[in-house]
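Asker: Residue numbers (the numbering used here): 1 to 876.
Please note that the accuracy of each hint is not assured.
Computed cross-link-like contacts, EDC-like style, restricted to lysine to aspartate or glutamate with a CA-CA straight-line distance of at most 20 Å [claimed, not checked]:
id, residue 1, residue 2
1, LYS325, ASP311
2, LYS265, GLU284
3, LYS497, GLU755
4, LYS481, GLU506
5, LYS726, GLU796
6, LYS334, ASP348
7, LYS588, ASP599
8, LYS334, ASP311
9, LYS587, ASP599
10, LYS474, GLU447
11, LYS363, GLU373
12, LYS504, ASP599
13, LYS742, ASP753
14, LYS846, ASP875
15, LYS745, GLU721
16, LYS706, GLU796
17, LYS742, GLU361
18, LYS819, ASP681
19, LYS385, GLU373
20, LYS774, GLU721
21, LYS678, GLU824
22, LYS545, ASP478
23, LYS779, GLU733
24, LYS781, GLU824
25, LYS412, GLU427
26, LYS369, GLU261
27, LYS584, ASP478
Computed beta-carbon distance windows for the label pairs [as the list claims (entries may be wrong)]:
id, residue 1, residue 2, range
28, ASP370, SER869, 46 to 56 Å
29, ALA669, LYS768, 36 to 46 Å
30, GLN689, LYS265, 26 to 36 Å
31, ASP324, THR858, 27 to 37 Å
32, GLY616, LYS140, 52 to 62 Å
33, ALA752, PRO264, 29 to 39 Å
Honestly, the hints are just simulated from the structure, not real lab data. Every residue, glycine too, gets a C-beta built ideally from N, C-alpha and C.
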Amino acid sequence: MSDSEDDKPLIKAKSSKIVDAADSRPSTNGNVQPGISIRNGPVDDEMHSDEPAQNDRANGTKRKSSMTNGKTYKDASDSEDDVPLTKRRRTFQQKKPPEATAAQIGQEPDDDGPLGQKLQKEKALIQQRAEKEAKAIRAKAKIEDDDDSDDVPLQKQRKPAAAKKTNGVKKEESDDDDVPLSKKAPAAAKKSTKPAPRSAKSTPVAAKKGKQAVKEESEMPEDEEEEEEEYRWWEDPGKSDGTKKWTTLEHNGVVFPPEYEPLPKNVKMRYDGVPVTLHPEAEEVAGFYGGMLNSTHNVENPTFNKNFFNDFKEILDRTDHGKDKDGNTVKITKFEKCDFKPIFEYYDSERQKKKNLSAAEKKAIKAAKDEAEAPFTYCVWDGRKQKVGNFRVEPPSLFRGRGEHPKTGMVKKRVSPEQITINIGKEATVPAPPEGHRWKEVRHDQEGTWLAMWQENINGAYKYVMLAANSDVKGQSDYKKFEKARELKKHIDKIRKEYQRDLKAELMADRQRATAVYLIDQFALRAGNEKGEDEADTVGCCSLKFEHVTLKPPNKVIFDFLGKDSIRFYDEVSVDPQVFKNLKIFKKAPKKEGDEIFDRLTTSALNKHLSNYMPGLTAKVFRTYNASWTMASLLKKMKATGTIPEKVKAYNDANREVAILCNHKRTVAAGHAAQMEKLQDRLDALRYQQYRTKLMMLDIEPKLKKKRGAEYFSLPEDISEEWVSKHIEDLYEQERVKITKKFEKENEKRVADGEKEMKQKELDDRLKAANELKKKMEKEKKTGKVEAEGKAPTVEKYEAQVEKLQNRIETMKIQSQDKEQNKEVALGTSKINYIDPRLTVVFSKKFDVPIERFFSKTLREKFAWAVASVDEDWDF
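Modelling step: build the complete structure from the supplied sequences, incorporating the hints.
Answerer: Now the structure itself:
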C-alpha cells in the first residue's frame with residue numbers, strides 16, 4: 001500500500017484500485033492455506049501489522065472493554081493463583097495420560113502437527129465437490145445456468161436492470177451505501193414481539209386450579225388409551241407451509257415454584273459479628289447467596305459480589321435493613337461485614353438430609369412430584385397429545401450467566417401470574433391462575449408455537465413455555481432447518497464466486513459485506529447482533545471492533561473477542577490475501593479502539609442480501625450447511641470395517657474432522673481436569689488389578705518369576721504407595737455402598753410383599769465382608785504377595801485375564817488421549833446441532849451399527865423423524 005494512500009482516512013467509500021494493485025503481492029506463506037484455523041500451530045516471530053498487546057491474554061493482562069460504560073473483563077491467566085480451589089487440578093497424583101499411538105487416534109504415524117493443518121487439502125477438495133454438485137443439481141432441475149449468467153450476481157439477475165454506477169459512487173438522493181452506518185439517519189426500530197425462547201428449570205408447586213380450569217379427564221388423551229397411529233408429518237410437507245401453526249390448542253398452564261419458607265429463628269445472617277433478623281424478602285435473597293458459598297467460582301468473582309450486594313442493598317433499603325436481638329436497627333452497608341456462613345450451614349445440612357433419605361423415601365417424593373405435575377406435562381395440539389418441554393416457571397435466584405457476564409450476581413426476581421401471558425385456543429378452557437391472582441393476558445395466537453411467556457428482569461428477555469424436543473412441532477422446526485441447509489447446496493458455488501469477486505469491489509459497503517460472508521462461510525463465525533450499553537459485550541462477525549482483530553503479515557489474522565454466552569473466542573487463522581488486505585483497509589486510521597471493523601454493515605443488511613440467493617437464507621445457515629455437507633462428503637468415501645466399537649470410532653473421527661473444519665470450538669470445561677483425573681484413576685485401577693492377577697500366577701507357580709523376569713511381576717513405577725492406599729480405601733467404600741444398597745433393595749421388596757424388614761444387625765454382618773476385603777488388600781500391599789482367587793485357579797486362566805485387562809487398558813488409553821485432545825473441540829455441538837441427523841442414521845444403517853451408539857434416548861426421541869424417514873441410500 002502506498003504511503004499516500006495510508007494517510008487517507010477510511011471515510012472514503014471507494015477502495016482504490018491502486019491500493020489493491022499495490023497489495024496484491026503473492027503470499028509468502030506456503031505452509032497454511034486460507035480458510036483453515038491454525039490456533040494450535042506455531043506463532044511466528046514476525047512483525048505484526050497491529051500492536052499485539054491489545055489482544056495478548058497470555059500474560060494475564062486485561063483488555064479494555066469496548067463498552068461505552070467503561071466496564072472491563074478479566075482475562076484468563078495461565079497461572080492458577082486466581083482459580084477457585086474447587087476448580088484447580090489436584091496435583092498430588094496427577095499424571096499425564098499414557099500416550100496412544102497415532103494410529104489409535106486416527107492419524108498417520110508422522111502426523112505430529114495440528115489436525116486442522118492436516119485437513120487443508122481435504123477442505124479444499126470438499127469445497128470443489130460442493131461447486132460441482134451445485135451445478136449438477138441446477139442442471140438436473142433444468143435451471144438456467146448459462147456462462148453469461150454465471151458472471152452476474154444472482155440478486156442482479158432477479159431484479160430489473162439498474163443504471164450503471166459511475167466510478168462506484170451512487171447518487172446522493174437515492175443511496176447511502178458508502179456512508180458509515182454511524183452517520184446514517186437512524187431508522188425507526190422495529191419492536192420485536194417474539195424473542196428467542198429459552199428453557200426454564202425450577203422446583204415447582206402446581207398452581208391451584210379452579211373448577212373450570214381443566215376439561216374433564218375424558219377429553220384429555222390418557223396414557224392407558226390405545227396408542228395412536230404414528231403421524232409421519234415429514235411425509236406431509238404441505239402441513240407446515242403456512243404461517244398458521246395450529247387450529248385447536250388446550251393445556252393446563254404453568255407450574256409455579258414454591259413460596260419462600262423463612263429460615264428457623266436460630267439461623268441468621270451476621271453483620272459485623274452481630275446476628276440480624278431480616279425481612280422475609282431480604283432474608284430470601286440473603287439465602288440465595290448463603291446457599292451457594294461452596295460455589296467459589298461465583299462467590300470469589302468481584303463482579304458477582306458487587307452486583308449481588310447492589311440488589312441486596314436495594315431490598316434492604318426498602319425493608320428497613322435488619323434488627324438485632326433487642327430490636328434495634330442494624331444498617332447493612334458493607335458487603336465485607338456480611339457473614340452468610342450460618343445460612344450456608346443450614347442449607348447444607350438440609351441438602352445432606354435429603355441425600356441421606358432412603359431409596360423408598362426418595363421414590364415416594366418423586367412420585368408425589370410427578371403426580372402434581374402430570375396435568376402440565378402434556379397439551380392437546382390439533383387433537384393430538386403432545387409433550388410440553390419447560391412447563392415450570394423459573395424460581396427466584398441469583399443470575400449466574402455464562403463466561404464473564406457483566407450482570408452475574410444480580411437477583412432474578414420471582415415471576416408472578418400477573419407477568420405471564422397464556423396462549424391457548426379460543427374454544428379451550430383457560431387454566432385458572434393461583435388463587436387471588438390473574439394472568440397478564442390471554443391470547444389466541446395461532447402463528448405462535450408457545451403456550452405461555454413472561455419477561456425476566458435481568459436482560460429483559462422473554463421466556464417461553466414450548467413443546468418438548470420430541471414433539472411434532474419441534475421436529476418440524478429441526479427438519480426445516482436442515483432442509484434449508486440442503487437447499488443452500490444448490491447455490492453455494494455462485495455465492496462463493498460472488499463474494500470472492502466482491503472482495504475487490506469498489507464500493508466499501510460491498511467489499512465489507514463480501515469479507516464478512518467469507519469469514520462466516522470459512523470460519524463459522526456467528527453473524528452477531530447489535531447490543532445495548534447494559535448488555536454483555538458479546539460480538540459476532542458484523543459487530544467486530546478494532547481491538548478484536550490483530551493482523552500478522554502476510555495473511556494471518558488473530559480474532560479475540562467475547563462470543564455467544566460471553567465465552568471468549570480466540571483463534572489464529574490464515575486467510576485469503578485479499579481478505580487480509582481488506583481487514584487492513586477496514587482498520588486504517590482514523591479508526592481506533594472501540595470503532596467497528598464493518599462500519600457499513602449490519603446483520604439485518606447481510607441477511608437481506610443473502611435472501612436474494614434463496615428465500616430464508618441467513619448467515620447461520622452456513623454453519624449447518626458446512627457441517628452437514630462435510631460429513632456427507634466424508635461418509636461417501638468412508639469404509640468402516642471391523643467391530644462395532646471400531647466402526648463407532650470411524651464415525652467419531654469423521655465428526656472430529658467436521659468440528660475442526662467447521663471451527664466448532666468450545667472452552668475447556670471447568671470439570672475437565674477432574675474428569676481426566678478420574679479417568680486416570682480408572683486406568684491405574686485396571687493396571688493395579690492386572691498387577692495383582694500376575695502375582696496370583698506366582699502364587700500358583702513361583703518359578704514363573706525367574707522364567708519371565710521380575711519386571712513382569714513388578715508394580716508399575718508411576719503407581720505410588722500413596723495411590724495404592726487410596727485405592728484400597730476407595731474399594732472398601734464402594735463395597736460398603738454396594739452391600740448397603742442391596743440390603744435396602746431387599747427390604748423394600750419385603751415391605752412390598754408384606755414381609756418383615758431385616759434388622760440393622762443383618763446389615764452389620766454383611767458389611768464384615770468389606771472389612772475383610774480391606775484387611776486382605778492392606779496385607780497384600782505390605783507383603784507383596786497375593787493369594788490366588790476364584791474356583792480352580794490356573795496359570796492359563798490368569799494369563800487370559802491379564803490379556804483381557806491389557807485390551808481394556810489400551811482402549812482406555814485411547815479414550816484418555818482422545819478426551820484430552822478433544823477438550824476444545826465441540827463434537828457434541830457438531831453432531832446434535834449442525835450435522836443433519838439423517839446422516840448419522842445413514843451411517844448406522846449402512847454399516848449396521850445400532851443408532852443407540854450415537855443418539856441417547858432423548859436424542860432418539862428428538863430425531864425420531866430422521867430415524868424413520870431415511871435409508872442407507874439417502875443423500876444430503
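Asker: Now tell me if each hint is right for this structure.
Answerer: How the hints compare with the structure:
1. Distance restraint check for LYS325 and ASP311: the Cα-Cα separation of roughly 25 Å exceeds the 20 Å cut-off, and the hinted pair is therefore not satisfied.
2. Taken as a hint, the LYS265 and GLU284 pair is honoured in the structure, with Cα atoms around 14 Å apart against an allowance of 20 Å.
3. About 79 Å separates the Cα atoms of LYS497 and GLU755, which puts this hinted pair outside 20 Å; it is violated.
4. Taken as a hint, the LYS481 and GLU506 pair is broken in the structure, with Cα atoms around 35 Å apart against an allowance of 20 Å.
5. Taking the CA atoms of LYS726 and GLU796, the gap is near 31 Å; set against the 20 Å cutoff, the hint is violated.
6. For a cut-off of 20 Å, the pair hint linking LYS334 to ASP348 is broken: about 25 Å separates their Cα positions.
7. Our distance criterion of 20 Å between C-alpha atoms is met by LYS588 and ASP599, whose separation comes to about 12 Å.
8. A hinted pair counts as satisfied when its Cα atoms are at most 20 Å apart, and LYS334 with ASP311 qualifies at roughly 13 Å.
9. At most 20 Å may separate the alpha-carbon atoms for a hinted pair to count; LYS587 and ASP599 meet this at roughly 10 Å.
10. About 14 Å separates the Cα atoms of LYS474 and GLU447, which keeps this hinted pair within 20 Å; it holds.
11. The hinted pair formed by LYS363 and GLU373 meets the criterion: a straight-line CA distance of about 15 Å does not exceed 20 Å.
12. With a CA separation close to 17 Å, the supplied pair LYS504 and ASP599 stays within the 20 Å bound.
13. Our distance criterion of 20 Å between C-alpha atoms is met by LYS742 and ASP753, whose separation comes to about 17 Å.
14. For the hint pairing LYS846 with ASP875, the CA-to-CA distance comes to about 12 Å; that is within 20 Å, so the pair holds.
15. For the hint linking LYS745 to GLU721, the alpha-carbon distance of about 36 Å lies beyond 20 Å, and the restraint is violated.
16. At roughly 18 Å between alpha-carbon atoms, LYS706 and GLU796 fall within 20 Å of each other, so this suggested pair holds.
17. With a CA separation close to 16 Å, the supplied pair LYS742 and GLU361 stays within the 20 Å bound.
18. At roughly 15 Å between alpha-carbon atoms, LYS819 and ASP681 fall within 20 Å of each other, so this suggested pair holds.
19. Between LYS385 and GLU373, the direct Cα distance comes to roughly 16 Å. Compliance with the 20 Å bound is thereby established for this hinted pair.
20. Of the pairs offered as hints, the one joining LYS774 and GLU721 holds, with about 15 Å between alpha carbons and a cut-off of 20 Å not exceeded.
21. Between LYS678 and GLU824 the CA atoms are separated by roughly 19 Å; this keeps the pair inside 20 Å, and the hint holds.
22. Proposed proximity of LYS545 and ASP478 is contradicted: the alpha carbons are some 33 Å apart, above 20 Å.
23. Annotation: proposed proximity of LYS779 to GLU733 holds, straight-line Cα distance about 18 Å (limit 20 Å).
24. At roughly 40 Å between alpha-carbon atoms, LYS781 and GLU824 are farther apart than 20 Å, so this suggested pair is violated.
25. Distance restraint check for LYS412 and GLU427: the Cα-Cα separation of roughly 35 Å exceeds the 20 Å cut-off, and the hinted pair is therefore not satisfied.
26. Pair hint LYS369 plus GLU261 holds up; C-alpha atoms about 18 Å apart against a cutoff of 20 Å.
27. For the hint pairing LYS584 with ASP478, the CA-to-CA distance comes to about 39 Å; that exceeds 20 Å, so the pair is violated.
28. Judged by the Cβ atoms, the range 46 to 56 Å given for ASP370 and SER869 is violated: they are separated by roughly 32 Å.
29. The given range of 36 to 46 Å is respected by ALA669 and LYS768, whose C-beta atoms sit roughly 41 Å from each other.
30. Our hint of 26 to 36 Å for GLN689 and LYS265 is violated, since their Cβ atoms are close to 54 Å apart.
31. For ASP324 and THR858, the Cβ-Cβ distance of about 52 Å falls outside the hinted range of 27 to 37 Å, so the restraint is violated.
32. Between GLY616 and LYS140 the beta carbons are some 22 Å apart, a value that contradicts the proposed interval 52 to 62 Å.
33. With their beta carbons about 36 Å apart, ALA752 and PRO264 fall inside the hinted range of 29 to 39 Å.
The structure shown violates the earlier hints numbered 1, 3, 4, 5, 6, 15, 22, 24, 25, 27, 28, 30, 31 and 32.
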